[in-house]
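There are 2 protein chains.
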Amino acid sequence: MADEEGYISPPPTLPSTPCSIHLGVQAGSMRRGSDVLSTSRGTVRERGRNRSWLLSSIITVNVLILGIALVSGSVFNNVKINAINLQIFLIVLVILTTAWMLYYTIYTSREDHAVLYKDSHAGPVWLRGGLVLFGICSLIMDVFKIANYIGYLHCDSAVKIVFPVVQAVFILVQTYFLWLHAKDCVQLQRNITRCGLMLTLSTNLMLWMAAVTEESLHQTVVPPEDGNSTHSYDIRAPGGYSSCNCSHSACAVLEKAYYYLYPFNIEYSLFASAMAYVMWKNVGRLVDEHNHHSLHFRLKDVLVGPAVGLVMLVAGLGTFVIYKVDVEKGDPGKRDTVLMIHYVMNTVAVTLMSVSTVAGCAIYRLDQRDHVSGKNPTRSLDVGLLIGASIGQFTICYFTIVAVVATGAEGHLNALNLAVSLLTVIQLCLQNIFIIEGLHREPFHEDMHQASVFTNPYVLQAQAHRDIHNLPGTFMETKSSPALTVHSMHVAPSAPSGSPLPQRHRLTWKRRALKEICAFLMLCNILLWIMPAFGARPQFDNTIGAEFYEFTMWAAVVNIGLPFGIFYRMHSVASLFEVFLTS
Amino acid sequence: MADEEGYISPPPTLPSTPCSIHLGVQAGSMRRGSDVLSTSRGTVRERGRNRSWLLSSIITVNVLILGIALVSGSVFNNVKINAINLQIFLIVLVILTTAWMLYYTIYTSREDHAVLYKDSHAGPVWLRGGLVLFGICSLIMDVFKIANYIGYLHCDSAVKIVFPVVQAVFILVQTYFLWLHAKDCVQLQRNITRCGLMLTLSTNLMLWMAAVTEESLHQTVVPPEDGNSTHSYDIRAPGGYSSCNCSHSACAVLEKAYYYLYPFNIEYSLFASAMAYVMWKNVGRLVDEHNHHSLHFRLKDVLVGPAVGLVMLVAGLGTFVIYKVDVEKGDPGKRDTVLMIHYVMNTVAVTLMSVSTVAGCAIYRLDQRDHVSGKNPTRSLDVGLLIGASIGQFTICYFTIVAVVATGAEGHLNALNLAVSLLTVIQLCLQNIFIIEGLHREPFHEDMHQASVFTNPYVLQAQAHRDIHNLPGTFMETKSSPALTVHSMHVAPSAPSGSPLPQRHRLTWKRRALKEICAFLMLCNILLWIMPAFGARPQFDNTIGAEFYEFTMWAAVVNIGLPFGIFYRMHSVASLFEVFLTS
Chain A
9 MADEEGYISP PPTLPSTPCS IHLGVQAGSM RRGSDVLSTS RGTVRERGRN
59 RSWLLSSIIT VNVLILGIAL VSGSVFNNVK INAINLQIFL IVLVILTTAW
109 MLYYTIYTSR EDHAVLYKDS HAGPVWLRGG LVLFGICSLI MDVFKIANYI
159 GYLHCDSAVK IVFPVVQAVF ILVQTYFLWL HAKDCVQLQR NITRCGLMLT
209 LSTNLMLWMA AVTEESLHQT VVPPEDGNST HSYDIRAPGG YSSCNCSHSA
259 CAVLEKAYYY LYPFNIEYSL FASAMAYVMW KNVGRLVDEH NHHSLHFRLK
309 DVLVGPAVGL VMLVAGLGTF VIYKVDVEKG DPGKRDTVLM IHYVMNTVAV
359 TLMSVSTVAG CAIYRLDQRD HVSGKNPTRS LDVGLLIGAS IGQFTICYFT
409 IVAVVATGAE GHLNALNLAV SLLTVIQLCL QNIFIIEGLH REPFHEDMHQ
459 ASVFTNPYVL QAQAHRDIHN LPGTFMETKS SPALTVHSMH VAPSAPSGSP
509 LPQRHRLTWK RRALKEICAF LMLCNILLWI MPAFGARPQF DNTIGAEFYE
559 FTMWAAVVNI GLPFGIFYRM HSVASLFEVF LTS
Chain B
9 MADEEGYISP PPTLPSTPCS IHLGVQAGSM RRGSDVLSTS RGTVRERGRN
59 RSWLLSSIIT VNVLILGIAL VSGSVFNNVK INAINLQIFL IVLVILTTAW
109 MLYYTIYTSR EDHAVLYKDS HAGPVWLRGG LVLFGICSLI MDVFKIANYI
159 GYLHCDSAVK IVFPVVQAVF ILVQTYFLWL HAKDCVQLQR NITRCGLMLT
209 LSTNLMLWMA AVTEESLHQT VVPPEDGNST HSYDIRAPGG YSSCNCSHSA
259 CAVLEKAYYY LYPFNIEYSL FASAMAYVMW KNVGRLVDEH NHHSLHFRLK
309 DVLVGPAVGL VMLVAGLGTF VIYKVDVEKG DPGKRDTVLM IHYVMNTVAV
359 TLMSVSTVAG CAIYRLDQRD HVSGKNPTRS LDVGLLIGAS IGQFTICYFT
409 IVAVVATGAE GHLNALNLAV SLLTVIQLCL QNIFIIEGLH REPFHEDMHQ
459 ASVFTNPYVL QAQAHRDIHN LPGTFMETKS SPALTVHSMH VAPSAPSGSP
509 LPQRHRLTWK RRALKEICAF LMLCNILLWI MPAFGARPQF DNTIGAEFYE
559 FTMWAAVVNI GLPFGIFYRM HSVASLFEVF LTS
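Chains as they are written, first to last, in the working numbering: chain A, 9 to 591; chain B, 9 to 591.
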């Protein structure tokens, strides 16, 4: 019987009376009762799940808090003996995780029953593709780091070289592991697997934290223009930077190069964390794989949305190139001009997006589609990740708003900055509502069958009974997922079809509008993803944030918030694509 | 039909055939199917729930992030114009929340159907009692603040006085509101109620954040002994402290007095947040109130546990008084001695607690009691709060461990500090496991019935049917909580009892041991609660933390972590009492 999270326990051993099928379907709701009935297996399973959840949570809490203490120690401490300690801690974590992942891969390939089901929603192609892309960038970063540290080997700790080597192996193993196993719903050795996955999650979060800290410190070492940053953190050489010189000439170039690759490594850790978390949630889950409609992607239905979206994308990329080129030059006068162009571009994009999202929400109010009911853990997770990731962008926007308003918001540049931030907040709220509403609707093409079936509930009921009795051999399946029987009716040819034509036309009009809006939002989100991912940092180029807050504070906010913002935009594109398909 | 979180939608309008009762019970598991069936009301409800959850989450995210930005601005900003802005923001929030709470109280007192059910697990007496106690302390603090700021009125912003006045009204209304309505499961106006409760939660978290910040800054103004703190934040007078003098003589005393009351105000906000969150989770929930066993609290069964616990408590309070008296004197030599006594006392307590917890977990492994199954939102919430609150203590411990290990851990004092921290981490992990395992077990006295009922499933089944048909009038109740029918059997006199006597004796031995352990742990947790709650701050008296991390960082860690630690100990005492009763 299915319990609250889609996990399925074995059916209770009921006597096989003629009434048994009936009772089988009924059992799902009598969870509490049936646990009294079922002698040991179900209880043992439940106990095991509770215990391993608890154990893996405790492991995560301990690893993460110890890690936070070490990171804080390495940043705020005057003696700076902790950078090495932190790296040793990370090396141990990474080696443990790599060993577990290898063990898991070998174990599941040998045991037939280890993975019975795959969750088709988990590890979608954009996530795995992004993982591979960012993984490659991270590998290049590690190679650069190794080459760089070889130059310091004569006067610096060897741990500095060991870490990137170990990390490179880890990235290779993890990318392979997640590519292959992201969809697994593990059935055997669930306690070990839960702990292993939580270890993977903790390791990735620790690597993320260490990378974010190093990135922030790196930006603090290069002082901002007003030069009021007196801190000069150096986390490379414990004995002091000046006493240790690089023995080969490529050091400066390498160092610059690998700092450009840091953001990709940060994204890699976030992606891997998200996938490990989904796998952890899926341990022990039995998925019913009946819920796949073959939804076709046809672009010819829509025209206006993609067209306007493409115009926005091209214009945005144009301004982005100008921005990058002119900011690199470092001329303050030009910098203000390109910042203004950038802000105007963003204002236009975000305004259009908000307007079209409002239109989309209005169409939702008009249309009569049913909401998808029943708990779907992957969907709840998707929604959680969407809202969670949007917090990064929210944070940057609100910090900017406070800084601009508090300093008086004088001049066009500040006014535009304020406008962009306010509009982005509104756009984020609206887009979250739109996507979540869209994900919770039944796909359109089911709608008509449903309306017609509903007119005669007796037919439905009779059919449900017939379906149950006719299902050949799949007895347990019938019991475990009661939704199946009702659901299968939607595609049953005997269901009377033929809804009146006018209604059909009205549906088509709404569907088309929703598809247009989704296509437009997708392209705009791609634009808003590309700009920060490839290096637009108006938050630092406009000095108001760094002047208002202390620079370290501002660097921390932006460096933590932006990667989440990038993740949010990618996630939005994927979710909007799903909404596009189901509309 | 009951869905995944205990929320109950109205039954679908099924045709009233002779089979209808059967279908009614069955409907719970056919949630997906029945939603296709049910025409509008169920769907509308579900849609409404999704929408209001989303809306209230978005409100919370926006209020909190804007608040964080304002707090950060007021701390890290050189110009310091934001303290007033922050207070205006808080005043607006507090007024809105107060208005909503008054509206809610009036509305629910007029409408009969607004609150149909009360969740008996929500708002337990320790939580409400703590709320009133801390509320009174917060009121006194506000009175002191008002008296103090009156002295500065001639040269400072009037907002400074408005804030404590508004806050005092808010505390009065909120304490009344939570005392009366903490158990409510609201049925009418659920959208407004969800948003209102989330607003209450946000307001309390914002007040908590502002209080923690002010407390940290206050400690930063008084420089630590080594005198290396160059920052001197002043958030009282925007125009500079020195230019504004108090016009009456009581200012210095008042100021000192209300800073002693800050920790109580911080706890108050935490308590109110927890209760608002529980109420938010309970909106729209229909609770089946059959699950109340009259468990008696009898102390005469246990002896060793309470005795040893009392000895520990008395000894601990003795050392605590010595500690407080000697630390107040400020003599560095004496300070080390009392710190050592304090650490030794803590080491002994934590070690004994760990050992007895291990023994308790071993007994759990031996005993065969069933696990409580079925989702209980209040219990999951309890577990979540327990683990969440323990993170505060974990953080302080790990930060201490890193600081002591990194500086070499020389001397008895550092070794003891390290030992206490390590043992506390172990104790927290063990205690969490013990409490959560205990909360998930069925009460002992049910065990025997269950075992006997299980031997004959046919009896159970027949009886279940009989029970359903016999229930007089409460048709919907039967449908809505299918567990009821099976559960009622446990107390049905017809169930054959009489488990063999030897087993009964073995149970009694285990029960007694568990009760002893719970009683001992309760008293020790009370000790570990009293010491920090009444002002023991070894984290600041031992300067290693403040020296290793920068002082602001260390103050932030301790000031955020300790209130959670205090909350954790109180929560543990309450949970252990529950485990004591069910054992």
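Derived by calculation from the structure, the hints in this document are not laboratory data.
Fair warning: there could be bad hints in the mix.
Pairs count within a copy or across copies, as identical chains cannot be separated in the list.
[To be verified] Keeping only pairs whose Cα atoms sit at most 25 Å apart, straight-line, the calculated SDA-like set for lysine to any residue is:
hint: 1; residue 1: K518; residue 2: L62
hint: 2; residue 1: K289; residue 2: F548
hint: 3; residue 1: K518; residue 2: N58
hint: 4; residue 1: K191; residue 2: I568
hint: 5; residue 1: K289; residue 2: V333
Remember, predicted model here, so these are calculated numbers, not experimental data.
Exercise. Report the numbers of all earlier hints that the structure fails to satisfy, in ascending order.
Key: Those not satisfied are hints 2, 4 and 5.
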